[in-house]
Amino acid sequence: MNTNRGDTAFGAGQAAPAWRRETLTRRIAGFFLRDRRAMVGMILLVVMLFAAFAGPRLVPYEPDQPNVRNRFAAPSWSHWMGTDRSGRDLLARVLAGASVSFRVAIGAALLALVIGAPLGAVTSYIGGLVDDVTQRCMDAIIAFPARLLAIVLVVLMGPSVVSLWFAIAFSSIPRYARIIRGSVLDQKEREYVEAAHAIGEGRLAILFLYILPNVLPPLAVQVTLDFASAVTVEASLSFLGLGLVPPTISWGGLLNDAQQWLEEAPWLAIFPGAALALTVLSFVLIGDAIRDHLDPRTRRRGRMR
Amino acid sequence: MRMIRYTLLRALQMIPTVLLVTVAVFVLIIIIPGDPVLSMLGYYADDVTAVPHEIYDRMFRELRLDRPIPIQYLYWLGDALQGDFGKSVVFRVPVIDVVLSRVPATLYLGTASLLIAIVVAVPFGVWAAVKNDTWVDHLASGFVLFGVAVPGFWFGMIVILVFAIYLGWLPSIGYVAPQEDFLRFLKHLIMPATVLGLDVAANILRFQRTDFLDQLHQDYVRTARAKGLPGQVVIWKHVLKNSLIATVTVVGLNTARLLGGSTIIETLFSYPGLSRLLIEAIYARDFPVIQAVVLWMVVLVVVVNFFVDLIYAYLNPRIRYTTA
Amino acid sequence: MALLDVHNLTVDFNLGVESLRAVDDVSFTLEPGEALGIVGESGSGKTVTALSIMRLLDPAARITRGQIWFDGRDLATQDESAMESIRGRRIGMVFQEPMTSLNPGYTVGEQVAEVYRHHLRLSHAEARRRTIEMFERVKLPGAREMFNKYPHEFSGGMRQRVTIAAALACGPSLLIADEPTTAVDVTIQAQILSLLGELQRDMNLALLFISHDLAVVSELCTRAAVLYGARLMEVGSTDAIFTAPRHPYTAGLINSVPQRGQPLQGVPGTIFDLRSPPPGCRFHPRCVHAQPRCNREIPELTRSPASTPVERGHVYACHYPLDRAGTRPT
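Protein sequences, first through last, are from chains G, W and P.
Counting in the working numbering, the first sequence runs from 1 upward without gaps.
Counting in the working numbering, the second sequence runs from 1 upward without gaps.
Counting in the working numbering, the third sequence runs from 1 upward without gaps.
Just chain G, same shape as in the assembly (with noise of 0.2 Å):
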């Protein structure tokens, strides 16, 4: 039975367009060359890195560098972003702080990557029991509020770089192998899969060779926006005081700080706030316009009158 939808489809047999014939790391750069969303977000991280990794450098300040005549100073043309309750430079500290973030978050996406993924893999492709016991607790994990889950583990395992790693990458496990759970079990039914099991391909080289390839678009989507994610609750840990304790600098401990003096001293509020934003921003925009090129719906355009 013919089931051809009418006359929407214009066309067929028309060539490949000229992109797909380019390499992958060419699509990838023309992708942001293309995308305003994801150019402007890959600028602001760019910035922010070079501000995280440079900055602290080309700064004539030591952030920890207290100065007793200069406290609460306003932002000045010697103090960019003003000084603190000891006199010290705020821009130096929120450079700082940048590098403690990107190592918090950076750790904490990939590590919830590097264990979210096979672990999905490899109970959905043994399937059966394990799967349903794996699935289960899924379910309990993602029952938790994240936040809430961060702030438990993270009290449990006391303040440091690497437990906050844990902390935070734990409630993002479930989503990771999820992604991969729905592909391999999308793909385990294909036919080349069949046919890769029939030309005698181990499973773990199918696993590679074959699905790998079908979930990288979308795990890089979950990494990106799980960067934003990892970033503000780093922050938002520090901020309670759970996270990095003094005298290592961290955004959300700085924004601690600057809430008794919020009215003496707004700028302190201010920057290290706007640096956090900015920082969640670019991966925002990223993640959402990789997403939205991978996924057909978003793209679509039509209104009604």
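One should not assume that every hint holds.
[Said to hold, decoys possible] List time: in silico DSBU-like cross-link candidates among lysine-lysine, alpha-carbon distance up to 30 Å: (1) 149/P x 139/P; (2) 149/P x 241/W; (3) 139/P x 237/W; (4) 149/P x 237/W.
[What the hints assert, rightly or not] Listing some non-contacts, in silico: residues in chain G with all C-beta distances to chain W over 10 Å: (5) 118; (6) 186; (7) 262.
[Claimed, not checked] Not everything, but these chain W residues come out facing chain G in the computed CB check (under 10 Å): (8) 160; (9) 261; (10) 264; (11) 268; (12) 297.
Read the hints as simulated data drawn from the structure, not as lab findings.
A virtual CB, placed ideally from N, CA and C, is assigned to each residue, including glycine.
Starting from the known structure of chain G, arrange chains W and P on it as the hints suggest.
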């Protein structure tokens, strides 16, 4: 009849999740580094001599540490089901009393922020979808980006700075019970509820817009227009009903997010809710309270999701008739 | 006077950087109570033609030329509110996908009753009564019980009966059916077709029946129009077109209908990309009889010289039409 069967079925599915959650919360106490008796009494070091013998022994028996761990868990679960979570180290009263005293404030805050989020996000999302690719849509996208990227506690500080410190319109911190003074209750509620709602509003708006846009391209929309129904009727009758069915789920999923966010917002606004209690308990190492609050919060999320599923099934004729 | 007179209809799609012509200079007429089949492959422009008459085109599409005369009014220039009073009231339309063309969130009864309430301003009770009558008319078994059912409880055939009921509720004079039986299985297809034929006679409906299936069109329609690549290839009575097609494309289509004792002979090749149509006759790249002239000149619609009743109104767009025996004269 089908609805009742579906309800029971769904309730049964909830049990394993809740059990796993209780196990996790119970294990919390076991895996705290150090002596569990000392932890439960709020001590940091492993210095047994710091505690009088009789108190240590009583706590040891109360925690049933002489029994195997699974038995300990069953006793603990039994007590918890009866509302007995032990005694608060800090407040020296039963944990359940401390928790219950904080529940209303959190419910007010949660409900208010959810309402604000829904009232802002749903119509805005629909509007953005209908006016796809116009300034309305771009404004909505900007709002979503703002809500997602700007952390609540920073936004909260800015709001305090503007409305409490510079304008002096609203109190920056604290809480007044509604039965005491309703106007002051509202004044204390509005800032934290708005800040907490923003994050959730961004999520709901993003979803609502995408889903509505998707619905607008469904075949049934064309059929409805072919019947001569005006565009407004098609949008507000045909499309809205289908889209709202899905909105219910998203709102439900966001309650967990809301509770997670409330830990920060309640702390920032010194708002005496459950989340603030949790943070206070953590600072004071009041482990019985930590255990109880975490359990309450997670069970709350599970129960909310249960009701969301029921509402979804009730609204969606397909689920109502086929799943049961 | 013709009920529907589509005159030089041209529809362009604006796809951002490029554009394409989905309907190109298409003309046909439809008398009251008459059934006209529009035949073509997908991408030939038949659905776009139908949606143009309803003015339900995609926002990217525009009627750039031509008129659509219906009841003395040019639908191509009517505003939205005028169209709303015509759709569902004077022209009904049935779509291809019965599974998705009903709203899953409302009962099937409501989806018909709202048409009565909207167009005829009937009360809820009266609309309900008329809906049940209509359900009986389209032979939904147990019409009264069906009212409160949801679409997902129905089979594809039953849903298509519901959409027919909604389209015919207000007694329109024209029904447009866009491949109404493509998505249902063969036995249901036969039932729906006989129902459509019956309703068309009983209600004195003009029927614009869109299909890629020549056999179905020859069964239901008295006249047929053949579209290829957005242009009309041939229009005439079904008898004329099926017994003596003058256009090689029509002949190819007829050959592709499986017939007992004859080998299946599809039209070779595939339809071109509408964004870059071939010069001259649209069909010449696939035409076995193509001559150099076919590559240069677009053939105009020409009237068949024969004047038998069957040949009356038979037109075709071909430089070298086939003769009555179906072969090219030398």
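Each hint, compared with the structure:
1. Distance hint between residue 149/P and residue 139/P is fulfilled; the C-alpha atoms sit about 16 Å from each other, no more than 30 Å.
2. The straight-line distance between the Cα atoms of residue 149/P and residue 241/W is roughly 17 Å, inside the 30 Å bound, and the hint therefore holds.
3. Between residue 139/P and residue 237/W the CA atoms are separated by roughly 28 Å; this keeps the pair inside 30 Å, and the hint holds.
4. Proximity of residue 149/P to residue 237/W is assessed by CA-CA distance (about 18 Å); at most 30 Å being required, the pair is judged to hold.
5. Listed as a non-interface residue, residue 118/G keeps its Cβ farther than 10 Å from every Cβ of chain W; the least gap is roughly 22 Å.
6. Against chain W, the non-interface label of residue 186/G holds: every CB pair exceeds 10 Å, the least being about 21 Å.
7. With a minimum CB-CB distance of about 6 Å to chain W, residue 262/G fails to clear the 10 Å threshold, and the non-interface call is violated.
8. Given hint, residue 160/W at the interface with chain G, holds; its Cβ is 6 Å from that chain's nearest Cβ, closer than 10 Å.
9. Restraint check, residue 261/W versus chain G: the minimum CB separation of about 7 Å is within 10 Å; hint holds.
10. For residue 264/W, the shortest C-beta to C-beta distance to chain G is roughly 5 Å, which falls under 10 Å, so the interface hint holds.
11. Hint on residue 268/W holds. Least Cβ distance to chain G is approximately 7 Å, under the 10 Å limit.
12. Taking 10 Å as the C-beta contact cut-off toward chain G, the hint placing residue 297/W at the interface holds, the least distance being around 6 Å.
The structure fails hint 7 only (numbered hints given earlier).
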